[in-house]
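Trainee: The chain contents come next:
2 protein chains.
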Amino acid sequence: MSTSQTKYPKFLDADFEKDISGRITPRDGPIVLRNPHIDDLAEDVLYHLDLSDKKNDLPAMFGDVKFVCFGGSPKRMEKFAHFMVKELNINIQAGMTLSNISHGSDRYVLYKVGPVLSVSHGMGIPSMSIVFHEVLKLLYHACCKDVKLFRLGTSGGLGLEPGTVVITDAAVDGLLRPYMEVATLGMLLQHPAFLDRDLCEELQAIGSADTSYNTVIGKTMCTYDFYEGQARLDGAFCDFTVEDKLAFLKRIHDRGVLNIEMESLCFAAMAHRAAVKSAIICCTIVDRLQSDQISASHEMLEDWQGRCQQIVAKYIRRHLNIQ
Amino acid sequence: MSTSQTKYPKFLDADFEKDISGRITPRDGPIVLRNPHIDDLAEDVLYHLDLSDKKNDLPAMFGDVKFVCFGGSPKRMEKFAHFMVKELNINIQAGMTLSNISHGSDRYVLYKVGPVLSVSHGMGIPSMSIVFHEVLKLLYHACCKDVKLFRLGTSGGLGLEPGTVVITDAAVDGLLRPYMEVATLGMLLQHPAFLDRDLCEELQAIGSADTSYNTVIGKTMCTYDFYEGQARLDGAFCDFTVEDKLAFLKRIHDRGVLNIEMESLCFAAMAHRAAVKSAIICCTIVDRLQSDQISASHEMLEDWQGRCQQIVAKYIRRHLNIQ
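As you go down the protein sequences, you meet chains D and P in turn. So the first sequence is numbered by full-length UniProt numbering: it starts at 1 and just counts up by one. So the second sequence is numbered by full-length UniProt numbering: it starts at 1 and just counts up by one.
Simulated from the structure, these hints should not be mistaken for lab results. None of these values were measured; they are calculated from a predicted model. Please note that a few of the clues may not be correct.
To be verified - Derived pair list, reagent style EDC-like, types lysine to aspartate or glutamate, alpha-carbon separation capped at 20 angstroms: (1) P:112 x P:161; (2) D:79 x P:78; (3) D:55 x P:292; (4) D:75 x P:106; (5) D:55 x P:299.
What the hints assert, rightly or not - Derived coverage of chain D by chain P (criterion: at least 3 residues anywhere in the stretch with Cβ under 8 angstroms from a Cβ of chain P; other residues may be distant): (6) 128-137; (7) 220-227; (8) 238-250; (9) 264-278.
By construction, the Cβ of each residue, glycine as well, lies at the ideal position given by its N, Cα and C atoms.
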């Protein structure tokens, strides 16, 4: 590491202060890492993906990747990968099937279907953060270009019929702050969480073609806690009343928050910091102005989650010119 | 919920301010929920565990539980459950095996071996928080008594030989603050993260009987990010030098931090808030003063993780009077 001693990043966060005003726009082109130390590593072990830039030929394995789709649940992302096989008319030889590339790690699943990666991120910002760091390094080592990132998720809606699809134009934390704070070497650094407006609108147009449900664009609140953090009365702890809860949810709804989940702030902040075009598309599975608990049937939940998958699949087909 | 309108918790957090001084000590006895609304719910769906207090007879299923062991990886917690079958001399009928009670959820695994639950918590505070809320409600609905909670984990050590076992006496965040902050209805509430000193010392005594490795008690830093948050130079982003990194790690080491991981603050804060006796026992898998990357072999990692499992198993056997 001695060679790193005088190395500073190509971009310091100071240069990125203008992010706060959203003036840095995500771009196409090669993936750039804002870390000058990576190229000095004898080996870069992507520990939680069970991959390495020395043990694996990452350019050969992943060089053609153009779309990375993240979702919380490993089973759901495995199903999404099989769904994309059909959507992209991928021909899988007899006796073959998709294999979880990260099976050695037990932390995340990683499937590749042509130019599409399907990755699980687990629940919450830290779990999303680990896999995002490693996927970004994977795309860098593989020399990928013109990559777009999607998070497909579930969320609690505000004043929306369950099953509504929400596309996030900005993520905010539990105090409505539009950035992710990362305690870094004793400083609380703030990373703004903006998303690509054009991508939002293109996805909304695709979703709106299906009139059996609504597809809307709005603010997403991202919390570190599913119960108290989302004003639920049904956690193991609660020191507020139903009136306190409803007053809070109405207050954030009045300020443009359409849904609440647990990863958008990290996904948006890291994608923006890496200047990669990305979008967050979540179905709502409960109206939090009506209820805390998720009572929809398993079949209903599957159907709602399928809506986000179909919208992203249509987007990918269009950009690959697949009829 | 109208019956909740005037309900306030049996304990308000205000009463618990004295937690800050650690004066509230965890106690044996029945699990108490600091949430007056739970008893008003027509049904309490433990969504991420795929259980419900109406659809499942929780007292019959879980009433005898005395020890809950949490760990990050689902596969590891499945292996731990099978390990406890042997340790507790549990007789499993021919043709039977352990079954993941939460298999319907795909978020966490939950195994029961006599009075022991083996639960995965995923990675990071939010993922730990969700399962902790729901396990605590499970223990409450099941009328469990005298329960002890353990987190068995892996961590990066500071100045310790990899394979050392660290038992946490206090958890701190990335700024050395000994509490977890939860944004709750627009307020940042602070929940102190203390652990039971007697339990720490009993576990250390058990670990110290094996002189092939060291078992130490100390402070654990809990971060929201694995890379920058833990002063690693090998993430997708890095704007500090190797000297900055080492200066920070030495500074926190000088203040008593022995290891760094991603769940202890939440586990300690929620267990303390619930006044349940609990302990955090992690092996170190890398010395962060020497390296960022985890290069130990799979076999070595398995061996190190087995140390924590054996210590907790010996503790449980002792308290169940199993020779």
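Trainee: Of the hints given before, which are not true for this structure?
Mentor: 1, 2
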